[in-house]
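*Asks:* Residue numbers (the numbering used here), protein chains in the order written: chain A, 1 to 332; chain B, 1001 to 1332; chain C, 2001 to 2621; chain D, 3001 to 3621.
Honestly, the hints are just simulated from the structure, not real lab data. Nothing false has been slipped in among the hints.
Computed footprint of chain B on chain C; a stretch qualifies when at least three of its residues, placed anywhere within it, have a C-beta under 8 Å from a C-beta of chain B:
#	segment
1	2285-2298
2	2424-2436
3	2460-2474
Calculated cross-link-like contacts (lysine-lysine; reagent style BS3-like; alpha-carbon spacing at most 25 Å):
#	chain 1	residue 1	chain 2	residue 2
4	C	Lys2265	B	Lys1314
5	C	Lys2144	C	Lys2154
6	C	Lys2197	A	Lys132
We put the beta carbon where it would ideally sit given N, CA and C, even for glycine.
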Amino acid sequence: MAETQALTKKDLKSDQDVRWCPGCGDYSILNSVQGVLAGLGIPRHNMLFVSGIGCSSRFPYYMNTYGMHSIHGRAPAFATGIKLANPELSVWIATGDGDGLSIGGNHLAHILRRNVDVKILLFNNEIYGLTKGQYSPTSKIGLKTKTSPMGSVDRPFNPVAFALGCGATFVARTIDTHLKHMEATLAAAAAHKGSALIEIYQNCVIFNDGTFDAIADKTVRDDKTIDLEPGKPMLYGKTRDRGLKVEGFDVRMVPAASADTWKADTSSAGPAFVMSQLDGDPTMPRPIGIFRSVAAPIFNDGVNAQVRDAIAKKGPGKLRDLFYNGDMWQVT
Amino acid sequence: MAETQALTKKDLKSDQDVRWCPGCGDYSILNSVQGVLAGLGIPRHNMLFVSGIGCSSRFPYYMNTYGMHSIHGRAPAFATGIKLANPELSVWIATGDGDGLSIGGNHLAHILRRNVDVKILLFNNEIYGLTKGQYSPTSKIGLKTKTSPMGSVDRPFNPVAFALGCGATFVARTIDTHLKHMEATLAAAAAHKGSALIEIYQNCVIFNDGTFDAIADKTVRDDKTIDLEPGKPMLYGKTRDRGLKVEGFDVRMVPAASADTWKADTSSAGPAFVMSQLDGDPTMPRPIGIFRSVAAPIFNDGVNAQVRDAIAKKGPGKLRDLFYNGDMWQVT
Amino acid sequence: MTQTRNVGAELPSQQFENVVIRFAGDSGDGMQITGSQFTHTAALLGNDLATFPDFPAEIRAPAGTQPGVSGFQVRFSSSDIHTPGDRPDVLVAMNPAALIVNIKDLAPGGIVIVNTGQFTERDVAKAGLKSNPMTDGTLSGYRKIEIDINDRVKRALEGSPLSPKDVQRCKNFYTLGLMYWLYSRPLDPTVAWLKDKFSKKPELAEANIKALTAGFNAGDIQELFQARYEVAPCTTMAPGTYKNITGNEALAIGLVAGAELAGLKVFIGSYPITPASSILEQLASYKNYGVISFQAEDEIAAICSAIGGSYTGHLGVTTTSGPGMALKGEAMGLAVSLELPLVIVDVQRGGPSTGLPTKTEQADLLQAIFGRNSEAPIPVLAASTPSDAFECAVEACRIAVQYMTPVILLSDGYIANGAEPWRLPDVDKLPRFPAKFTTVAPEGGFLPYARDEKRARPWVKPGTPGLEHRIGGLEKAHLTGHISYDPENHDFMVRMRAAKVAGVRDTIPTPAVVGEPQGDLLVLGWGSTYGSIASAVEIARHKGQKVSRMHLRHVWPLPAGLDEIFSRFKAILIPEMNLGQLARLLRSEYQRHDFISYSKVQGLPFKTFELNNKIDAILGK
Amino acid sequence: MTQTRNVGAELPSQQFENVVIRFAGDSGDGMQITGSQFTHTAALLGNDLATFPDFPAEIRAPAGTQPGVSGFQVRFSSSDIHTPGDRPDVLVAMNPAALIVNIKDLAPGGIVIVNTGQFTERDVAKAGLKSNPMTDGTLSGYRKIEIDINDRVKRALEGSPLSPKDVQRCKNFYTLGLMYWLYSRPLDPTVAWLKDKFSKKPELAEANIKALTAGFNAGDIQELFQARYEVAPCTTMAPGTYKNITGNEALAIGLVAGAELAGLKVFIGSYPITPASSILEQLASYKNYGVISFQAEDEIAAICSAIGGSYTGHLGVTTTSGPGMALKGEAMGLAVSLELPLVIVDVQRGGPSTGLPTKTEQADLLQAIFGRNSEAPIPVLAASTPSDAFECAVEACRIAVQYMTPVILLSDGYIANGAEPWRLPDVDKLPRFPAKFTTVAPEGGFLPYARDEKRARPWVKPGTPGLEHRIGGLEKAHLTGHISYDPENHDFMVRMRAAKVAGVRDTIPTPAVVGEPQGDLLVLGWGSTYGSIASAVEIARHKGQKVSRMHLRHVWPLPAGLDEIFSRFKAILIPEMNLGQLARLLRSEYQRHDFISYSKVQGLPFKTFELNNKIDAILGK
Ligand SMILES: Cc1ncc(C[n+]2csc(CCOP(=O)(O)OP(=O)(O)O)c2C)c(N)n1
Ligand SMILES: Cc1ncc(C[n+]2csc(CCOP(=O)(O)OP(=O)(O)O)c2C)c(N)n1
Ligand code: SF4
Ligand code: SF4
Ligand SMILES: [Mg+2]
Ligand SMILES: [Mg+2]
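Make the full structure from the sequences, and use the hints.
*Replies:* What follows is the structure, encoded as structure tokens:
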């Protein structure tokens, strides 16, 4: 029975108790995802969530859709198999900064490179939550954790830059506490044809509380972040009085009127990457929103087209022809 | 006995027969590496080559230095352990596009992110050589190989962009047949403090012959490539009559006189990344040379400094103190 | 001295040989600390001890729910004990969830102390219960002591500067005080601990000490008990300095010590995974011991970096649990081929796959021995108790260095988190096994794959002038180590590597038989079944059964002499927390014995009575 | 018809039952093609056949060197044969390196045909030889036929438009022509093949045909021989349509067929690795069969993608060799926990580690059975010959689908690259085992971990309305599949998974004993030792020894009835290309038999005579 009625958020809640710590940023992400997905017009049975291992990777259990809680770091590989084998499914990955960028970095890189039509939610809390607080590949230098008692000396990844370096076709960033922005970003990702990576700043109240406060706290957010909206001027500040402008290779702060218009679909990923580099500059607002959104051939389309073409050209393979071909001889 | 005399190229040749196919680009790379390393003033016994598996990964056997031919894709992990444990060694990795970017992509990403002081030679022949000709993560779309009989639909990685996305501090590109350029690039990498990734366009005569001809063949090279030389204007063409200029996010071809000066050490990796994106534009020269060369904290320095600091602060650990501490009690 | 009233003095004092208490509450209730403090005090009083913490897989499961229950069982005794006890004599339950999850384990007639302040209708509902277990018959057959601890703490801390929420956080120390009174224990050690712990927050120290003291002095509660209890010091413990230690702590210390005894420094490359993470964490804090700790991007990079560390002349170590072990197989094969020392620690947990990450199991034995492509032999050791993990770690280092080989050391979740008193070793008496580095080419030239009397090849630090050479995973010619595709050489090298590992047998002892050297039944164990087996065999022997026991530390290669020992028993019982992996291994080695496999795969250690029932069944009693 | 003179007519014609020829030359000399063409023609003539190609690990080792030698051995026969022969009767050596590498294998008194055109001093030096083997006594005891093939080809192709270099490339066809003459074979099949192969380069076709014909017609050479030889068609081959097939080809076809018989499409996720790559390559060419082939970034992604494929309702397949197997362990454990069908193919090669990548070995057996964390049982099959790989692939698909389980199929380098005649199956007679997908919730609700009579759980395609559910690697509650940390449930599920896999035994036959049902010795094999064992036992029985044989296709779980069969023999000899892995497994299962392990780990199959010597030694003759 196809579901005919539109879904509500509640339809997407599974019967399992949600078991994150009270106050964890994961709750609001779950809630936003359920809200956005309910509105996509996709029947529940065609939605599928894949995850690895981590607090964030518990996500699929809480979605009343199909789902697989797989092994650590490998969700993109499962998702690629799933999407190739059944392109009708709307496939989503929930992963963490450890799951997706530490053990799973290569699979993430390759799914983005190939542009498999899968949406990837990267819960970045800059820590390993589930294993109780070791530093992660996105932890800030100097962070003291159980495995870095004198402070971490690992230079962190910038997930947006990483994704762009892999040739990702859709890259965005949002914040667990910025609900409206998160929902808009999720909706844009859902609409994108191809791989979409959404980095979500997510607060781990237990092991890395407040790591994003300096930019993401509601009191400073408007001044400390800039929302990259394709086709719109790059403005920020509570009154949107300031903006950004690109001069040569440099990005400068300018009055709103002189701000450049943001383009996320240039043929070069250069602009998006340039914006990603603002992260390192404390004087600059942190870009969130849509860094890149560009059309490109989709891997699962390409693979399935070859299957279709081969069938069209050679006819659907018959078992007999599989055996009876090439140099044969008879024994009588 | 420390070696007192300067090394010659011959000193770095091992007693093993070189077993690449006749005409393979690997020969000239070996030759250049031996030449450049002989001139570094480093004693042979302090040089160490690590590799994974592939034609290119046979490299260590041919170097009369210490060396490890490890397992597929993992050379950066071995090299990280080696460099952390003995920072005195000059550690080099030889890897291929399959070894380094397919199975080993994650380790490559992490060694670059951490900025371990190791030099990485990425032999990019856009094919799996040793396993006899399957497409690789750098193969061009449409390439017909044994595993892509109808043409590859995998969008290729751009190794330079990948490395920049990982936060690499030194990224360069050179060509197996461009000996002078290769040697200059190797020398620059050797001089860099921190991770250095050198992508080397390498011809596989057997399985992917001529894949770089359109840009790397000596007859067209001057027109089809541009050598990024830090501090010099971005010029190309046989008579160096043309150049590149950056306008906003765009890179334009201009007469030599209007060319911008190339900077590889900007705080943002944006410029290098913008240049890497020219690869996709057939009307543009292909950048080779030094995309990025910037100073940053070195992982092995950081790790070893903490060990030294801990010893300085707490004194060198004694076995007895390891046991006799905390809450103890006596049984008599 | 803390002021304690001597209210209970009029109550009769009862002597016990040993007592098992389980503290259970919500994850946020601090039960692990309560248990540890009780343990610590018991240790100072000279009791023998064993503990078993049991906490949820979730970081913070929703408060008040059954999955959120955290427990800590401690057994303290005036005689030698080997396990934390089959069932608690006393259960402290801080809320309905803790009560319902744990009550079925309580010994019949046991005491259950309930915090009635946390038994509102809402609390009962949160625990997923239809009825209140205080009143619905759940507690019949037990001695129920009801205390509104919430309220008592509130009253005890009236006037405290702490917020009401923080006041409630002192509940566990109130409870601890009560238990101290009940078991006639002093408060001072805990008071000292609190003062130290909260040296920067004296108001917290004070509040907790107040709560502790109030619990101890709660005369009206004390009237609910019929007696105070005493457990005398254990007089059979060997003299020496002790401390309480968990298996992971002991293992980490053992690795540093083992390296030191070999004249080396530790290089640990590891990736966090429950229940192994704390070994990495602890080693990361031993930087002043020259330990280089590297948190790698995954388990494969971890072991590869450790091999790199060994190549340069460090003692390479990598630590993990089952799923991580499965990932390291390929690199282990390389280590076998390179013939470099390496210690691989697998703290086993429930499986398959992600399984039961916080529960214990012994099911990685065959993976450890056989889980690599081709013939890639590696010696395998297994720790049997928390403090034994120290000795096994040292032994693993010895074998690795003396035989130039990777060594696998198996521990498990029960050992990792469990604690026991550890008699601190006399540093001067520890055996030394210095690593020998080749620094100059011998007469006739340097041969990287020449071998010494243990079949070990030479170890050369890169950086040594004149000994430059290359090693790798392709088959190597005997002596020169050059790549060789020669068929006979390959056969020779495969057998050489096997012989080298089998030769480890020459430097390990035949394990002792505890009990008569012959009899009706030998109970044979490996790993963390040690305690349960020791207890059960003790009981069986008291009953007059002809039962002895033996425990394997070296599970591969098996020690010499087993065949002969086995032949002195009518049957050999092998209890394992897997489906019979050691039993399978032994059957494959020794054909003529009656091996009886006894499996339990519940993520929990064997209970002593389970083993005794099994022994009885075999011996027909 | 090609023009052939009938020069040899006057030579006596000698009949042979079977002949073994080895073509050996430089990697660039086209020996693999020469061998295949000879094989192909023999097949058309109705001979039984077995081949053994042996090529260097290097893509193009330096020309003329020993490591650069490439060989192809073909045995063709008028009777049933099982191996490519212990030693060649005729060796064709195109250069000194080829001669020196192969000569020691040639049967005493055998013919060696030498291309003297490639025996200059430089050639001898390139081969790393101090003296010319043509003259230094190396060839004493053999019949040496000297031909300057370089020169002859040059002359035969005089006036050809080809460059001198390309002319020399026709050498192998000249040689082939000569061998065709010697063994009285027609040229037509090869002529047809050349025309087809070079249809776009007719000048190449023409030149090669000219060379072939010239070789056939070289009267003066023919005078060097004392006879022409004939090998009559094999009359004992079962009637039917045949083609020559390698193990990897048969395996690939078997996977497509197996999926089809289950009503499914293949999803293969794989990563190239010698000697497994060609399975992926072939499946990539079967797109019109609906095969989805995915070359993943590594072996882990490969198996994970295949599990993803299975989850959606395809037949997930992943193919690899030893080092890749070692990487897949963790994901296999997940597949066990998810209980989804999956076929994992391991084409074994020499190890440990990278080992001898192009050589064969059987040393992944215990890895296949035990190489995963915790109790993660998986059925394991092993192919015994190239064509058997087809049947095993189909059987692996059957078990995977019927039992909802991953299945491991072992092959090895010898099977993968070796070829034999395959009698093409009758499509209608192949057994069908359609997969059953659950599409609607049964009465009482859908239970993802309910079980059918084979203990298989239901398979639901995502996209099915109303059956949404989640699966994962944490332990699952019986029936509901919800996460469960319950101890009893875990024990139950561990045993359930073990029982399910053990239950495969119910649908597999007890393997046949070939020979008497009882006797002095049973030679028991698995995998590619099949041919050598069959030949050796045939010989032994001819000699009157009381020897029978049995071969295992299902190595885990072991089939029912073995214990009883074993008890009918005094001893059981188990030849293996490892250090005795099956022998260990059998000892662990059956305690009372005398299993004799016979190991050879040289990267090469057993020779028949080696087995006969061993049998003789055991039986005391
Ligand atoms: C193979 C393997 N290695 C290690 C682990 C242990 N582990 C589980 S989750 C995790 C890291 C989780 O960090 P992240 O992805 O950031 O998720 P978070 O918990 O922070 O949401 C680790 C190391 C595992 N489950 N499997
Ligand atoms: C674990 C593992 N998987 C697969 C292989 C097979 N393999 C060896 S080299 C190689 C690819 C080599 O490609 P590349 O790194 O580009 O090197 P090239 O030969 O082209 O120089 C592969 C897939 C292996 N040796 N080990
Ligand atoms: S540990 Fe951190 S990330 Fe995990 S559930 Fe708790 S708050 Fe969230
Ligand atoms: S196969 Fe290609 S890359 Fe490998 S040695 Fe030959 S030419 Fe070089
Ligand atoms: Mg995280
Ligand atoms: Mg390559």
